[in-house]
Each structure stands twice: as C-alpha cells, then as structure tokens.
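Heads up: the protein sequence lines correspond to chains X and S, in order.
Under the working numbering, the first residue of the first sequence is numbered 9, with each subsequent residue one higher.
Under the working numbering, the first residue of the second sequence is numbered 9, with each subsequent residue one higher.
Certain hints may be false.
Identical chains share a label here; the pair holds if one copy fits it or two copies do between them.
[Said to hold, decoys possible] Distance condition first, Cα-Cα at most 20 Å in a straight line; then the derived SDA-like pairs of lysine to any residue:
#1 K176 to D371
#2 K138 to Y423
#3 K396 to A56
#4 K472 to L128
#5 K472 to S87
Honestly, the hints are just simulated from the structure, not real lab data.
2 protein chains.
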Amino acid sequence: MNRKHTIAHSLVALLIGSMVALGLDTARLERQSVDLLIEGGITLTMNAAGQVFSDGLVAIRGDRIVAVGDRRELASRFSAARVIDARGAAVMPGLINGHTHAAMSLFRGIADDLVLQEWLTRYIFPAEAKNVTREFVYWGTLLACWEMIRGGTTTFVDMYYYESSVAKAVAQAGLRAILAETILDLPSPDSRTPQLALQYTERFVAQWRGHPLIIPAIGPHAPYTNSTVTLRRVNRLAERLRIPIVMHVAETETEVRDITRRYGARPIRYLDEIGLLSPRLIAAHVVHVDEREIALLGRHHVGVIHNPQSNMKLASGIAPVPRMIRAGVAVGLGTDGAASNNTLDMFEAMKTTALLHKVATGDPRVLNAHQALALATIGGARALHLEKEIGSLEPGKRADVIVVGLDAPHQIPLYDVESQLVYASRASDVRTVIINGRVVMRDGNLLTLDTAAIRIKANEFRDKVVKSLKAK
Amino acid sequence: MNRKHTIAHSLVALLIGSMVALGLDTARLERQSVDLLIEGGITLTMNAAGQVFSDGLVAIRGDRIVAVGDRRELASRFSAARVIDARGAAVMPGLINGHTHAAMSLFRGIADDLVLQEWLTRYIFPAEAKNVTREFVYWGTLLACWEMIRGGTTTFVDMYYYESSVAKAVAQAGLRAILAETILDLPSPDSRTPQLALQYTERFVAQWRGHPLIIPAIGPHAPYTNSTVTLRRVNRLAERLRIPIVMHVAETETEVRDITRRYGARPIRYLDEIGLLSPRLIAAHVVHVDEREIALLGRHHVGVIHNPQSNMKLASGIAPVPRMIRAGVAVGLGTDGAASNNTLDMFEAMKTTALLHKVATGDPRVLNAHQALALATIGGARALHLEKEIGSLEPGKRADVIVVGLDAPHQIPLYDVESQLVYASRASDVRTVIINGRVVMRDGNLLTLDTAAIRIKANEFRDKVVKSLKAK
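Full structure from sequences and hints, please.
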C-alpha cells in the first residue's frame with residue numbers, strides 16, 4: 009500500500025465523515041418545529057384505512073395536524089414547544105355530538121318518565137317561557153361545554169334560542185360548534201314570530217360568520233312546528249347566507265301521522281317536495297323512515313344524527329341506523345339535550361348505539377366497536393359536512409384530539425382498544441382535550457372555564473326554575 | 009319576704025337545678041354509642057314507603073344499621089367513633105349485581121361483536137380451557153371486586169369455576185356475595201364430569217358456610233348444558249345443603265327451540281316439571297317467557313335477574329321486565345360477565361333498563377327512575393331472597409351503604425335525586441362504600457385491596473391468554 013493511496017483513502021474517509029456529519033446537522037436543522045406533540049399513545053386515526061398506531065405520535069402546528077404515525081419513525085423529525093406524554097392511553101379524534109340543546113343542561117332532570125306531550129306542555133314549555141333569557145342561555149351553555157369537554161366532545165351541533173349567547177359561551181369554552189337559531193311558528197323565548205326569529209338569525213350569522221370555531225346556522229324546530237311557508241323562507245335564507253339547516257325530523261309516529269294527514273306525505277317525502285332536502289340539512293332523530301325515504305336522504309346528502317338514548321327514554325322508537333348506513337346515508341351520533349337524556353355523554357351514546365341495534369336487528373355483529381367509534385368521529389363529521397376539516401387524525405385537518413386513559417379498573421386488561429373505548433370506557437376516563445390546536449383540558453382540569461362560577465350560577469338558575477314552576 | 013321562705017325557695021331552686029342537670033347528664037349517658045354515622049346526605053332509604061331524607065343520618069353499630077332518619081332529629085341521640093360527612097351527596101343502599109362471572113373480567117374485550125356460538129366456541133371456551141386455574145380465578149375475581157366496589161356494588165351473585173378461589177378473593181375484598189359453583193355436563197376447567205363438580209360444590213359449601221359475607225351456592229349452567237338427571241341431582245343437593253341455585257334460563261330463542269324440541273316444553277315449564285322452580289332458584293336472563301311461564305315464576309317465588317346490556321350486546325332479546333314486575337315476580341338487575349357486557353357497572357344497568365323498556369313498550373312512563381333504583385337495590389335483594397338482610401336502609405338490616413357524589417358537571421343542577429342517580433350519574437361518582445358495617449372504600453380509595461398488584465397480575469394473565477389463543 010503506497011503513501012499516495014493512503015492519503016487518498018484518508019481524504020475520502022474525511023470527506024465521507026464530513027458528509028455524514030453535515031447530513032446529521034442538516035437533519036437537525038431541518039427538524040420541523042411544531043407547537044405540540046402527543047407521544048406514545050395507542051393512536052386511532054379513524055382514517056379511511058382505520059389505521060391504529062400502538063406507539064403513536066400526533067404533531068400539531070397552530071390549529072392543524074401536521075403528522076400522524078408511528079412515534080419511533082416520526083419522533084426525530086419534530087421538535088415541539090410542548091409534549092403530551094400519552095403512554096398507556098388512547099389518542100383519538102375528538103367526539104362529535106351531532107345534536108343537542110346545550111343550555112337545557114339547566115333543566116337536567118326537571119321532569120322524567122312522562123309522555124312527550126305532558127313533558128313538553130306541563131314542564132319544558134312553561135319552564136322555558138318563564139326562565140330562558142340571554143343570561144340563562146349563556147350560563148346553561150357554559151355548563152354544557154364543561155360537561156362536553158370533560159367527556160371528550162370537541163364539536164357539537166346546537167339548536168336553541170338566543171344563539172348569540174350560545175356562541176359567546178362556546179367561544180369562551182373553546183369548543184367547535186354549529187349553532188342553529190331555532191325557528192318556530194309559535195312564540196319562542198327570543199322571538200314572538202318566525203319572522204322575528206329569521207331576523208335574529210340574520211343578525212346572528214352576520215355577527216359570528218368567520219369565527220374559527222363557530223358556524224352559525226338556522227334551526228327550524230320540526231316539520232310539525234313550522235308551516236310550509238316558514239320552512240321555505242328558512243330554506244331561502246339558508247341558501248342566501250350559505251349556512252346549515254338543523255331540524256328535528258321524523259322523531260315520533262305521531263309526527264309521521266300528523267304530517268301525512270296535513271300534507272299527504274311522510275316527513276322526509278314532504279321535505280323533499282318543498283325543497284328542504286340538501287347537503288345543507290342536518291336532520292336529528294330520523295326514527296320513522298321507510299326505504300324510499302332512506303334513499304332520498306342518501307341521494308340528497310342529508311346528514312342524519314341518531315340520538316339513541318333520547319329516542320329510548322322518550323319511547324320515540326328505534327331508528328333504522330344499520331339500514332341507513334348500508335344505503336350510504338351520512339349518520340352521526342348525538343345526545344340530545346340534558347332535559348331528555350339526561351347527560352351529554354358521547355361514550356354512553358356510542359355504547360348504547362352499538363347495543364341497541366344489535367338487539368333491534370337480532371344480530372350481534374351489527375354496529376361493531378369500530379363502527380360505533382366511526383359514527384362518533386368521522387361519521388359525525390360527514391353528517392355535519394365537515395369531513396374535510398375534522399373527524400379523523402390526518403395531516404391537514406384541524407387538531408381536535410382527545411387522550412383517553414385506559415387504566416381504570418373497568419378498563420383492564422386491554423385486548424382490543426376499540427372494544428375498550430366503546431364497551432368499557434366512560435366520559436370520565438378522558439384526560440386531555442385539544443380543540444383547534446388549543447389544550448382546553450389537561451389531565452382532567454378545564455383550562456378555559458371558571459367551573460366554580462358555573463356551578464354557583466347553575467344552582468341559582470335551578471332555584472329560579474323551581475320557583476317559576478310553583479308559581480301559577 | 010322572710011328568711012325561711014327565701015331558704016326554702018333557694019332549696020327548691022337548687023333541687024330543680026340538680027334535677028335538670030341530672031336530666032341532661034342522663035341524656036348524655038343515654039346517648040347511644042355507635043360505630044359509624046353517615047350525616048347530612050340526601051338519604052334514600054328504598055324502604056316500602058320510598059322515604060327520602062334531604063338531610064339524613066344513618067347510624068351503624070357493628071354490621072347493622074341501628075337508625076335512619078332526619079339528621080336534625082337523630083343527631084343528638086348518637087355518639088360515634090367515626091363520622092362520614094355526606095353533605096351534598098346521596099346516601100343509599102349498596103347496589104346488588106344479581107348476575108356475573110367475576111373472574112371473566114380477565115377476558116374483558118377478548119372477542120366482541122360475534123354471534124353467540126362463534127363467541128363461545130372460538131374464543132371463550134378455548135380461552136377458559138387453556139387459562140382458567142385457581143390463580144386465574146382468584147386474581148380475576150379481585151379485579152372484578154375492585155371494579156364493583158369502585159362502582160357502588162356491595163352484593164353480587166357469581167357463577168363460575170373454582171368458587172373456593174372466588175370466595176377467598178371476595179372475603180379479602182369485603183364484598184357480600186352468593187357464589188355458585190358451575191355444574192356442566194361437559195368437562196369444565198375444574199371438574200371433568202358433573203359428578204366431580206357436585207363433589208367440589210359439597211366441599212366448597214362445607215368450607216364457606218357461615219361466613220358473614222358469603223353464601224355458597226350451586227350453579228347449573230343452563231337447561232341446555234345439563235341433562236335432566238344432572239339438574240335433578242343439583243336440586244337434591246341444594247335442598248339437602250339448603251343453598252341457592254343460580255342458573256341461566258331462557259336466554260335465547262335458540263335455547264327455547266332446543267329445550268322445546270328435547271323435552272316438549274319451553275324452559276320455564278320444563279324446569280317446573282322437573283321440580284327446579286322454587287324460592288331457592290335465582291334465574292338469570294329469562295328473556296323468552298310467555299304469560300304462563302311468568303305466572304309460574306311468580307307462584308314459585310323464583311328470583312329473576314335481568315341483564316339488559318348483555319342481552320342487547322349478544323342480541324338475545326328484550327326480557328318482558330315490566331310484565332314480570334306487574335305479575336309480582338321478584339326481579340333484580342345484573343351486569344353479566346365482563347366478557348359479554350363489558351363492564352360490571354350497575355349505574356349503566358339501571359339507566360339501560362329504564363331506557364330499554366320505555367322504547368320496547370312505547371311508553372316513557374314505564375320503569376321510572378324510582379323503579380330502576382328499586383330493581384338495583386331492594387328488588388335485587390328480593391330476587392336473591394335476602395330482602396330481610398339487605399336492599400334498603402332500615403334499622404336492623406346489614407349496613408351496606410354507599411355515598412354517591414352529586415357535584416360533577418353531568419350531575420348539576422339537581423332537581424330530583426332519583427332521576428339524577430339513574431339518568432345522570434356514573435359508577436365513578438361513587439365516593440364511599442360500606443359493606444357489613446366496614447368502610448371498604450373511602451373517598452374513592454379502596455381500603456381492602458392492593459390495586460397495584462391486581463393491575464400487574466391482570467396484565468400477566470392477559471399476555472398468557474393472548475399467547476394461548478395464538479397457539480394451536
């Protein structure tokens with residue numbers, strides 16, 4: 009071996025060494041800086057392939073997810089200001105509560121075990137007429153947001169009165185929501201006539217349009233509480249303002265009979281005839297529908313929200329959810345308001361959905377754990393027509409992520425994470441909640457709400473409600 | 009006024025003063041000394057009158073309740089070594105889980121969303137054959153006891169193998185239980201033949217009879233898994249030993265068809281014919297029964313345990329619970345084992361029962377909150393034929409008492425405590441659990457179990473189970 013060769017050899021070695029060093033340095037310089045990493049959890053993406061990473065990583069910059077995958081592959085590519093250690097826990101998309109009346113949490117348990125008509129006319133309507141004010145709605149919504157965040161809900165759809173006050177509370181809580189101002193042919197707590205409610209809606213939409221978390225919407229209460237004239241006006245306004253329509257549809261057999269008698273068609277067919285079926289519509293309940301109506305819902309890309317516990321408690325019936333899913337209808341889940349359920353608990357909604365449709369169809373394979381999770385996440389996103397933004401953990405989507413503990417006695421041992429989340433976990437197992445990139449609950453502690461103040465106000469309103477119902 | 013008079017006056021005054029002082033002293037001496045007072049809670053007695061004390065007191069001496077009532081009336085009558093401040097919480101009888109297979113908590117989520125036959129033959133039976141040992145049963149039962157105490161269950165009925173090991177774990181946990189050794193015509197994990205299982209039962213009964221918390225029993229698995237000969241032997245042994253019989257009965261339509269084909273009678277009628285119906289019998293499920301069979305269950309004072317979530321998840325059907333209650337049948341609630349439900353959560357069982365029968369009957373007034381609470385307490389006690397000892401808070405009964413927090417966001421505001429407990433509360437809201445006068449959980453902390461050790465063991469068994477199912 010001559011000297012020249014040796015020098016050449018050394019130079020090459022030096023060069024390679026430098027390149028390697030440079031390479032490492034480059035890698036370090038190119039480490040993407042992100043705001044938040046959620047590391048080490050069993051990470052359920054709920055993407056189209058249903059990918060689950062047993063030791064996962066979710067990287068978040070601003071309000072978006074920038075990467076999701078195996079921690080061991082991805083960890084070296086990111087440096088983050090904050091890291092959430094999710095080892096031993098599940099990491100998944102935030103739950104989507106597709107139908108509720110948030111402020112009614114202040115009426116939780118006011119009257120149960122009653123026939124719908126008695127419940128409405130003897131309790132709910134009088135209680136609402138005497139108590140529902142801007143302030144009531146604001147505090148009631150805060151209470152609902154507290155309960156929903158605590159239980160892993162990151163997006164909800166509301167239908168109530170004074171939606172500007174709802175929006176104020178939701179923005180403060182940091183939840184994502186579609187908020188629909190109720191339209192009724194009867195006098196409502198905030199509008200004596202449907203015309204005034206339509207005007208309220210226009211002002212409300214103008215005020216909140218463009219908020220990063222809030223989508224203002226319009227909520228015609230139901231086909232049986234609004235005239236055809238009102239529903240057509242609602243539809244024209246929604247088209248002009250490009251806002252969603254939230255409506256109770258085909259909830260009870262009484263409604264189906266009533267609408268059929270009045271208009272000569274069952275509710276979904278009637279809504280089709282007057283032009284209400286469209287991708288703009290989010291229809292809650294949809295319990296009593298035949299095959300033709302299911303086909304109409306699919307063809308018009310209507311979002312359907314199933315509320316199993318409310319439908320059971322009010323004895324409304326059992327929605328044909330497996331048939332709607334098979335027909336390609338976009339179905340999500342909801343809790344309904346706390347006056348009818350009586351919680352805003354999406355874990356209960358998932359388990360009850362899976363159990364109810366097994367026994368209703370006689371087939372235990374119907375609505376398995378994965379499908380129940382899908383209904384509460386990506387399915388709900390589709391029903392809200394927000395599937396490009398939320399519902400799964402995928403790069404480019406909004407960062408709505410929850411961390412769910414898996415170490416409570418009712419959750420051990422662990423064989424299958426999807427089964428454990430649907431059949432064995434509770435809202436109280438949720439530890440950390442991130443909405444739009446912001447940590448709103450950390451290890452069970454609410455970071456956006458003054459829960460002590462909410463508790464005091466809730467009790468004050470309760471006393472007023474009790475007094476108002478006693479007064480004649 | 010002369011001096012004599014003054015002296016006499018003073019003497020009288022002195023005398024009266026002494027008498028008053030003596031009276032006070034006597035009262036103090038007569039203050040009943042008790043071991044434990046639970047003060048200030050909204051106290052639901054679940055007695056025949058359904059009394060609720062808004063500011064209640066429960067006094068406990070040894071293993072018995074000595075007084076229940078209004079705190080302001082009773083407080084001065086007792087002095088206690090320990091006081092539990094229950095202000096702001098509910099105080100009620102411990103929940104009675106009338107049917108489970110405790111050790112199967114180690115199989116929680118092993119296989120879901122399957123047809124019963126596939127579930128049993130592909131997963132449960134092989135997993136049991138390969139894994140169920142004395143040690144497995146002992147640790148699985150400890151895990152179940154942890155979950156049950158945490159969720160407010162104070163009494164349960166078990167049916168499994170190696171019941172001596174179950175009893176060891178239950179005694180350690182401090183739970184009350186009826187423990188039934190399984191009898192099967194097939195080889196079981198602890199007995200190759202039903203004869204051997206009967207012998208095991210005799211030894212088990214001899215060993216545990218007279219324990220303050222444990223009632224040993226015999227558990228013929230079902231009419232379709234035991235021959236008539238075996239069932240008659242079981243009955244004779246139960247009569248001789250004076251022990252309860254725990255059996256799955258009329259769970260599925262397949263069973264009804266099978267028994268009808270084999271014996272020419274539906275399951276309840278068949279059991280009547282062979283002498284199995286008696287106050288000794290605790291029958292789980294009882295889903296598929298006609299009016300005649302319901303009358304038989306009532307006439308023979310059979311205890312029936314409704315397992316709503318298991319029946320829904322396995323698509324077994326909906327038991328005619330409201331009709332059974334109307335017919336005077338003693339009905340209680342159960343969770344079934346964690347391999348089928350997948351939790352041992354009596355709060356879920358109460359809410360699901362109330363909701364399921366409303367939608368099944370189309371009547372929202374059916375099974376109201378009070379009735380659901382009754383099924384889980386005094387109704388369960390009747391079904392277990394233990395209503396003289398447990399199920400309500402009444403002087404002379406065993407001190408099985410739970411304190412349930414009412415201040416979580418899903419529980420405020422409070423209008424009606426029964427509604428809040430059934431429709432809005434969770435197992436995790438239970439704070440303190442007293443069984444047989446002993447505090448076994450205080451403010452969420454288990455006092456009788458080494459939960460860290462249980463967690464480690466549960467994971468070890470999980471690994472073994474997974475390996476055993478992979479091996480051919």
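Results of checking the hints against the structure:
1. Taking the shortest alpha-carbon separations for K176 and D371, neither the intra-copy value of 45 Å nor the inter-copy value of 38 Å comes in at or below 20 Å.
2. Proximity of K138 and Y423 under a CA criterion of 20 Å is satisfied inter-copy only: 17 Å between copies versus 52 Å inside one chain copy.
3. For the identical chains of this complex, K396 and A56 are intra-copy neighbours only, at 12 Å inside a copy versus 57 Å across copies, given an alpha-carbon limit of 20 Å.
4. For the homomeric pair K472 and L128, the shortest alpha-carbon distance inside one copy (19 Å) is at most 20 Å, but the shortest distance between copies (55 Å) is not.
5. In this assembly of identical chains, K472 and S87 lie within 20 Å of each other by CA distance neither inside one copy nor across copies; the values are 52 Å within and 39 Å between.
Checked against the numbered hints given earlier, the structure breaks hints 1, 5 and satisfies all the rest.
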